[in-house]
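If you read the protein sequences in the order shown, they are chains Z and L.
The numbering of the first sequence is the numbering used here, which starts it at 1 and goes up by one.
The numbering of the second sequence is the numbering used here, which starts it at 1 and goes up by one.
Think of the hints as simulated: they come from the structure by calculation, not from any bench.
On a predicted model such as this, the values are computed, not experimentally measured, just so you know.
A portion of the hints provided could be inaccurate.
As the list claims (entries may be wrong) - Keeping only pairs whose Cα atoms sit at most 30 Å apart, straight-line, the calculated BS3-like set for lysine-lysine is:
#1 L:Lys103 <-> Z:Lys43
#2 L:Lys39 <-> L:Lys61
#3 Z:Lys112 <-> L:Lys107
#4 L:Lys45 <-> Z:Lys43
#5 L:Lys107 <-> Z:Lys43
#6 Z:Lys112 <-> L:Lys103
#7 Z:Lys67 <-> Z:Lys54
#8 Z:Lys112 <-> L:Lys45
#9 L:Lys45 <-> Z:Lys67
#10 L:Lys107 <-> L:Lys39
#11 Z:Lys54 <-> L:Lys45
#12 Z:Lys78 <-> L:Lys45
#13 Z:Lys43 <-> L:Lys39
Spelled out from the first residue to the last, the chains are:
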Amino acid sequence: EVRLVESGGGLVQPGGSLRLSCAASGFTLSDHYMDWVRQAPGKGLEWVGRIRNKANSDTTEYAASVKGRFTISRDDSKNSLYLQMNSLTTEDTAVYFCARVYCSGSNCPWGKAYFDYWGQGTLVTVSS
Amino acid sequence: DIQMTQSPSSLSASVGDRVTITCRASQGISNYLAWFQQKPGAAPKSLIYGASSLQSGVPSKFSGSGSGTDFTLTISSLQPEDFATYYCQQYNSYPLTFGGGTKVEIK
Numbered sequence: 001e002v003r004l005v006e007s008g009g010g011l012v013q014p015g016g017s018l019r020l021s022c023a024a025s026g027f028t029l030s031d032h033y034m035d036w037v038r039q040a041p042g043k044g045l046e047w048v049g050r051i052r053n054k055a056n057s058d059t060t061e062y063a064a065s066v067k068g069r070f071t072i073s074r075d076d077s078k079n080s081l082y083l084q085m086n087s088l089t090t091e092d093t094a095v096y097f098c099a100r101v102y103c104s105g106s107n108c109p110w111g112k113a114y115f116d117y118w119g120q121g122t123l124v125t126v127s128s
Numbered sequence: 001d002i003q004m005t006q007s008p009s010s011l012s013a014s015v016g017d018r019v020t021i022t023c024r025a026s027q028g029i030s031n032y033l034a035w036f037q038q039k040p041g042a043a044p045k046s047l048i049y050g051a052s053s054l055q056s057g058v059p060s061k062f063s064g065s066g067s068g069t070d071f072t073l074t075i076s077s078l079q080p081e082d083f084a085t086y087y088c089q090q091y092n093s094y095p096l097t098f099g100g101g102t103k104v105e106i107k
């Protein structure tokens, strides 16, 4: 059974940093692209970013709203995905979800780059 | 960025009703369109990918259609467990973008 479990959320002051983790089980993490998606309280879903798999050199993509402040990384040996968040503002307050991208291996065309599994999310609150 | 516009933003329906939600992309996205269901306090659940293909385990009362810029999600016979918020999402290009959501409420 595929399982994704986020952790690391909490209360942080504006300007602070936080690192979220996503523990993966039930599949081979190294095969898959992985994404972070967030949801501000009472709002819709917002894509944060993506990290490709090892076969695609673990390259990353980010939303403009977080580029230069957030960094996605992975440690496949620990079956874990990370989101390092720096220079946090109140606008970053949200539940953060990790999500698995369906395709695996070296070839991941757009037609197969859809989400199939989601974690339960972890709440990040940025407030003084 | 590709803008995704869902309509309506909310709707009231009765158990047994047929419900249709629309999603429009600001530019063509082929069939790279997914639908998600989210209940309060829970993670999104993947329903449909490729505009019309059901994710594993999703009941056939859910169906999707469309290509290019216009898409629909249909629930053939609404059941109590289907009351939730539904989101469309394009995965044609970065940044990935979601529609604003459609809240399906009990009439």
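Outcome of the hint check:
| no. | hint | verdict |
| --- | --- | --- |
| 1 | L:Lys103 <-> Z:Lys43 | 12 Å, holds |
| 2 | L:Lys39 <-> L:Lys61 | 18 Å, holds |
| 3 | Z:Lys112 <-> L:Lys107 | 37 Å, violated |
| 4 | L:Lys45 <-> Z:Lys43 | 17 Å, holds |
| 5 | L:Lys107 <-> Z:Lys43 | 23 Å, holds |
| 6 | Z:Lys112 <-> L:Lys103 | 27 Å, holds |
| 7 | Z:Lys67 <-> Z:Lys54 | 21 Å, holds |
| 8 | Z:Lys112 <-> L:Lys45 | 17 Å, holds |
| 9 | L:Lys45 <-> Z:Lys67 | 27 Å, holds |
| 10 | L:Lys107 <-> L:Lys39 | 17 Å, holds |
| 11 | Z:Lys54 <-> L:Lys45 | 26 Å, holds |
| 12 | Z:Lys78 <-> L:Lys45 | 25 Å, holds |
| 13 | Z:Lys43 <-> L:Lys39 | 13 Å, holds |
In summary, the one numbered hint that this structure violates is 3.
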